[in-house]
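There are 2 protein chains.
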Amino acid sequence: MSTSSLHPHGVFSAALTPLDAELAPDHARFIAHCRYLLDEGCDGIALLGTTGEANSFSAAERAALLEAVVAGGIAPQRLLPGTGVAALTETIALTRHALSVGVDTVVMLPPFYYKGVSDDGIFASYSEVVQRIGDARLKVVLYHIPQMSAQPISHALIERLRKVYPATFVGIKDSSGDFANMTAMVDRFPGFAVLVGADPLLLPLLRKGGAGCITATSNLIARDLAYVYKHFRDSDDDAALKAAQARIVKARELVSRFAQMASLKAIVAERTGQAGWQRLRPPLESLPLAQVKELLADAAAFAAAAV
Amino acid sequence: MSTSSLHPHGVFSAALTPLDAELAPDHARFIAHCRYLLDEGCDGIALLGTTGEANSFSAAERAALLEAVVAGGIAPQRLLPGTGVAALTETIALTRHALSVGVDTVVMLPPFYYKGVSDDGIFASYSEVVQRIGDARLKVVLYHIPQMSAQPISHALIERLRKVYPATFVGIKDSSGDFANMTAMVDRFPGFAVLVGADPLLLPLLRKGGAGCITATSNLIARDLAYVYKHFRDSDDDAALKAAQARIVKARELVSRFAQMASLKAIVAERTGQAGWQRLRPPLESLPLAQVKELLADAAAFAAAAV
Numbered sequence: 001m002s003t004s005s006l007h008p009h010g011v012f013s014a015a016l017t018p019l020d021a022e023l024a025p026d027h028a029r030f031i032a033h034c035r036y037l038l039d040e041g042c043d044g045i046a047l048l049g050t051t052g053e054a055n056s057f058s059a060a061e062r063a064a065l066l067e068a069v070v071a072g073g074i075a076p077q078r079l080l081p082g083t084g085v086a087a088l089t090e091t092i093a094l095t096r097h098a099l100s101v102g103v104d105t106v107v108m109l110p111p112f113y114y115k116g117v118s119d120d121g122i123f124a125s126y127s128e129v130v131q132r133i134g135d136a137r138l139k140v141v142l143y144h145i146p147q148m149s150a151q152p153i154s155h156a157l158i159e160r161l162r163k164v165y166p167a168t169f170v171g172i173k174d175s176s177g178d179f180a181n182m183t184a185m186v187d188r189f190p191g192f193a194v195l196v197g198a199d200p201l202l203l204p205l206l207r208k209g210g211a212g213c214i215t216a217t218s219n220l221i222a223r224d225l226a227y228v229y230k231h232f233r234d235s236d237d238d239a240a241l242k243a244a245q246a247r248i249v250k251a252r253e254l255v256s257r258f259a260q261m262a263s264l265k266a267i268v269a270e271r272t273g274q275a276g277w278q279r280l281r282p283p284l285e286s287l288p289l290a291q292v293k294e295l296l297a298d299a300a301a302f303a304a305a306a307v
Numbered sequence: 001m002s003t004s005s006l007h008p009h010g011v012f013s014a015a016l017t018p019l020d021a022e023l024a025p026d027h028a029r030f031i032a033h034c035r036y037l038l039d040e041g042c043d044g045i046a047l048l049g050t051t052g053e054a055n056s057f058s059a060a061e062r063a064a065l066l067e068a069v070v071a072g073g074i075a076p077q078r079l080l081p082g083t084g085v086a087a088l089t090e091t092i093a094l095t096r097h098a099l100s101v102g103v104d105t106v107v108m109l110p111p112f113y114y115k116g117v118s119d120d121g122i123f124a125s126y127s128e129v130v131q132r133i134g135d136a137r138l139k140v141v142l143y144h145i146p147q148m149s150a151q152p153i154s155h156a157l158i159e160r161l162r163k164v165y166p167a168t169f170v171g172i173k174d175s176s177g178d179f180a181n182m183t184a185m186v187d188r189f190p191g192f193a194v195l196v197g198a199d200p201l202l203l204p205l206l207r208k209g210g211a212g213c214i215t216a217t218s219n220l221i222a223r224d225l226a227y228v229y230k231h232f233r234d235s236d237d238d239a240a241l242k243a244a245q246a247r248i249v250k251a252r253e254l255v256s257r258f259a260q261m262a263s264l265k266a267i268v269a270e271r272t273g274q275a276g277w278q279r280l281r282p283p284l285e286s287l288p289l290a291q292v293k294e295l296l297a298d299a300a301a302f303a304a305a306a307v
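Chains W and A, in that order, give the protein sequences.
Position 33 of the first sequence, counted from 1, bears residue number 33 in the numbering used here, the numbering being contiguous throughout.
Position 82 of the second sequence, counted from 1, bears residue number 82 in the numbering used here, the numbering being contiguous throughout.
Derived from the structure by calculation, the hints contain no laboratory data.
Certain hints may be false.
Dumping the calculated DSBU-like pairs for lysine-lysine here, alpha-carbon to alpha-carbon at most 30 Å [stated by the list, open to error]:
{"id": "1", "chain 1": "A", "residue 1": "LYS293", "chain 2": "W", "residue 2": "LYS115"}
{"id": "2", "chain 1": "W", "residue 1": "LYS250", "chain 2": "A", "residue 2": "LYS250"}
{"id": "3", "chain 1": "W", "residue 1": "LYS293", "chain 2": "A", "residue 2": "LYS115"}
{"id": "4", "chain 1": "W", "residue 1": "LYS115", "chain 2": "A", "residue 2": "LYS115"}
{"id": "5", "chain 1": "W", "residue 1": "LYS139", "chain 2": "A", "residue 2": "LYS250"}
{"id": "6", "chain 1": "A", "residue 1": "LYS230", "chain 2": "W", "residue 2": "LYS115"}
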C-alpha cells in the first residue's frame, strides 16, 4: 500500500493560534497564518489541536474559529480540526459542527479527565460519538498523546474500532515519540494512516509506510517537511534531502530548549513583526524576555545557516 | 480559629449524577437525591464534581442541571458546584452562571489538559477568572486532586492567591489522601477552609482544625459523616463516635473494592429501586453484573451490621 492511498496523508501543520489582546483567537491573523502554511507546502492544517491551545478555548470559540477559516477561503477538505474534549456531548457537538462546515476528517482526543479508564470505556466513548452523529462522511484520526491526555490509544482499541467502524477510524496521530509504536501500527493495520507528531521521525516513518505528519515545528519549517514528504524515497546521500532533514532536526532542537509552543509563537512574532503573536492563554505562558532574546538569536543563526 | 468560622464548613456530598436512558443528567432524580442527602444530614451539596461526572458533561448540561436544582427548591447557599474546566473561558462562563443563580461558592479545578504547567501559569489562570468575573460575592474552593487533574495545587500558589485575592480563595478540597498535606495547609493558612476528600480522614482533620469534607461516600453514609462532624470533640472512647467512624471506614472499603463511582451508583440503584441509577457516561462504565452481585451482598451485610 502506498503512502498516498492512505487518508489523511501528507504534511499537516499543528497550527498555532494567534490571540488578540483579550486572549481570544485572532481570526484574521489565523487565516493569514493558514495561508502562509499552505503556501509553504503544507498539505493541510490540523487546527485546534494541542499546539493550537484548543483545550484552553470554549466550544463556542472553537466553532467560531473553524467557521472563520472556512469563510476565509481555506478549503475545508484541507482542514483536520481537533474535536475531542473531556465531555462526550461536547465532542459530539464539535464534530457535528465540523461536518456542517464541510470538514470530513477530524482529529479526536480520547476523553482526558478521568484517569485509569479501560479500553472498554474509551471504545464506548468513541462509539457513542460515531453512532450519535450517524454521518457516513465522518472520518476520525485518533490521537495518541499520553504525555498530555494520560490516556494511551492501545492497538487492541484501534483493532476494535476499525472492526466495528472500518470507514470511520482512518488513522492516528502518534505524538508519543515512540517510533516502535508507530511502525507496529503501520504493520498491524494495513490502510490505516499513521501520522507522526515528532518532525525528525517523518522521514523514517514514511519509509516504513507511514502516512505523514501533524507537527508543531511545521509552523516554522513546513518547506523542509514538504520536501521530505515528496522525496523520502530518494537516497540518503541526496544532498537536498539530507539538508532538509538536518534543518528539521535542528529546528526541533531550537524550539525544544524552552517551552515549545511559546518558542514557536515568539519566532512567528519575529517573522511577522506582530508582537501579539507571542500571547498564550493561561495556563500556558509567553517566554520571559531573556529567553526570547536567546531564542531569537539562535533562530537567526539557524536561518542564516539554512540559506 | 474554630471550624465553624471557616467557609465553607461541614459535610458536603460530592453528589453522584443520575443519568437517563440517553445518558443525560436526570434532573428530577438528581433533585430527589439532593433532598435525600440534605435529609441525611449533609450541610450542602458539592454537585458537578469528579464524582458527579461533570467533566463528561457539556457546559450547557452543567448549567441546566444547576438551574434545575435551584428551581427544584434547593437553596443555592447550600450548593458548591464544580466550575473549573480545561478551557479558561468556559470556567469563567460556568462560574458566572453559578453566581447568576444565587450560588456564591464554587469548587474550581485548575486547567487540566496541559501538563507540567508552572505555578505562574495556574496563578494566571485563576487570576483571569476572578478579574474577568469581577464579582465580590465570588468565593472559590481550590481543588487539589493530582491523581485526576495531574496539576497539584502547591502551598506557594495558595499563598499567592490568598495574598492577591484574600476574600475570594477561601478554601481547598484536598482529594490527594495525603493527611500531612492537609494539616500543613491548616497550619500555614489561618482562616482557610481545608476540606478532605477521603471520608476516614474527616475526624482527624477536624481535630487539627480542618473545615469538613467533600466526599463521594457521603452518597451512602452521610449520617455518619454528619455525626462525626458534630461530635469530633468527643472522646475517642465515645461509643457512638467510635461506631460512626468505624462505619465510615467500612463504607469506604466497601466502595473501593471495585470502581468507586460505579459501586456507589449500584448501591443507590438498589436503595431507590431505580435501576437507571447504575448508568455512567463513557468513558466511565457500570460494574459488570458479577461485581454488582458481590458488591450488593457486601453492602447488605454492611447495612445489617450497622443496625
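Verification of the hints:
no.	hint	verdict
1	A:LYS293 <-> W:LYS115	holds (25 Å)
2	W:LYS250 <-> A:LYS250	violated (58 Å)
3	W:LYS293 <-> A:LYS115	holds (25 Å)
4	W:LYS115 <-> A:LYS115	holds (14 Å)
5	W:LYS139 <-> A:LYS250	violated (48 Å)
6	A:LYS230 <-> W:LYS115	violated (35 Å)
Consistency note: the structure conflicts with the earlier hints numbered 2, 5 and 6.
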